[in-house]
Amino acid sequence: MSATNNKEFNLSNNEGTGIDSETNQISSESQSTSFEIDRAQFAHEFFLNQIMAIEEVTQIYQRFNPYEGIAEYWIMLERENRDVRRNIYSVEYDLLDRFGGLELLTHVVVRDDVGDINIADDAKEVYSNLEFNAA
Amino acid sequence: MPLEQQQHKSKAEENEFIAGELNESVEIDDINEWVVTVYFYSALHHVERKLAQQNIDSGNHVERNRNIKDHISSRSLYLNYKELKDWSEQARYDCWEADDDHVTWCKDNLEIIKSELGFSS
Numbered sequence: 001m002s003a004t005n006n007k008e009f010n011l012s013n014n015e016g017t018g019i020d021s022e023t024n025q026i027s028s029e030s031q032s033t034s035f036e037i038d039r040a041q042f043a044h045e046f047f048l049n050q051i052m053a054i055e056e057v058t059q060i061y062q063r064f065n066p067y068e069g070i071a072e073y074w075i076m077l078e079r080e081n082r083d084v085r086r087n088i089y090s091v092e093y094d095l096l097d098r099f100g101g102l103e104l105l106t107h108v109v110v111r112d113d114v115g116d117i118n119i120a121d122d123a124k125e126v127y128s129n130l131e132f133n134a135a
Numbered sequence: 001m002p003l004e005q006q007q008h009k010s011k012a013e014e015n016e017f018i019a020g021e022l023n024e025s026v027e028i029d030d031i032n033e034w035v036v037t038v039y040f041y042s043a044l045h046h047v048e049r050k051l052a053q054q055n056i057d058s059g060n061h062v063e064r065n066r067n068i069k070d071h072i073s074s075r076s077l078y079l080n081y082k083e084l085k086d087w088s089e090q091a092r093y094d095c096w097e098a099d100d101d102h103v104t105w106c107k108d109n110l111e112i113i114k115s116e117l118g119f120s121s
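Line by line, the protein sequences give chains A and B. Following the working numbering, the numbering of the first sequence begins with 1 at its first residue and continues without gaps. Following the working numbering, the numbering of the second sequence begins with 1 at its first residue and continues without gaps.
Chain A with its partners taken away, still in its complex shape (with noise of 0.2 Å):
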């Protein structure tokens, strides 16, 4: 499971996805013919876009669980804010309605850094908020 720190990355932009560029819903067209993205890979990325586009969110730390066969997401804040916190959980269940199926888990964090958190270095990716807001 791979979500890319694509910087160019544009909701408006989904030429060829099946995916609506006004409502980002899957067209009706596609479901019924040539569905051909990869959609937990647009979820994924969909799911990014969102939560990166959050200022008060420093990074986001990917890594895949094998155990269970999905992608957790922690999600760290530099401090407590709850209606951050439940921004972010918001955007979640929205991304449960619009594509069921998406299987991940996140956790939001107050912490300002990665390093605490015990996985292998071969599983991870870092996302930095700052990197993306600068593209």
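I should point out that these hints are in silico values taken from the structure, not numbers from a laboratory. Warning: the hint list may mix true and false statements.
As the list claims (entries may be wrong) - Pairwise CB distance ranges (calculated):
(1) GLN54/B - GLU55/A: 34 to 42 Å
(2) SER121/B - GLU78/A: 24 to 32 Å
(3) PRO66/A - ASP57/B: 22 to 30 Å
(4) ILE18/B - GLU80/A: 22 to 30 Å
(5) ARG82/A - CYS95/B: 17 to 25 Å
(6) THR104/B - TYR67/A: 30 to 38 Å
(7) CYS95/B - ASN81/A: 17 to 25 Å
Bear in mind the structure is a predicted one, so any value in this text is a computation, not a measurement. Ideal Cβ placement from N, Cα and C applies to all residues, glycine included.
With chain A's structure known, arrange chain B on it following the hints.
Just chain B, lined up with the frame of chain A:
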């Protein structure tokens, strides 16, 4: 074998009672993290109790998230449940120190969750 509704109900109430007792304890200080954690487990069993009414049993956290969306369909419940879950994880794994505000918020979250599920006393 899936647990019965009554088992989840008992465990949820037991955990809520324990969280309250821990929070009121004058003999043990600095256990807010455990109070937070036990409140989360109470919430989890309330959710599973509701799902058990529909003969649904969540095998893991991912399934439970999806079951909340698909079979309970409450955004408010989801937000309050996930907040509890993440605070409890911070408490258990991150050496995070919960303050009294967090304990109050957890208790409030649990009440909202119970209300959303129709389990308010």
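Status of each hint after checking the structure:
For GLN54/B and GLU55/A, the hinted distance range of 34 to 42 Å is satisfied, since their beta carbons lie about 40 Å from each other. In this structure the supplied range 24 to 32 Å is violated for SER121/B paired with GLU78/A, their Cβ-Cβ distance being about 38 Å. As the Cβ distance of PRO66/A to ASP57/B is approximately 23 Å, the hint placing it in 22 to 30 Å holds. At about 25 Å, the beta-carbon gap between ILE18/B and GLU80/A stays in the expected band of 22 to 30 Å.
At about 21 Å, the CB distance of ARG82/A to CYS95/B agrees with the hint of 17 to 25 Å. The hint said 30 to 38 Å for the Cβ distance between THR104/B and TYR67/A, and at roughly 35 Å that hint holds. Between CYS95/B and ASN81/A the CB atoms are about 20 Å apart, so this pair conforms to the stated range of 17 to 25 Å.
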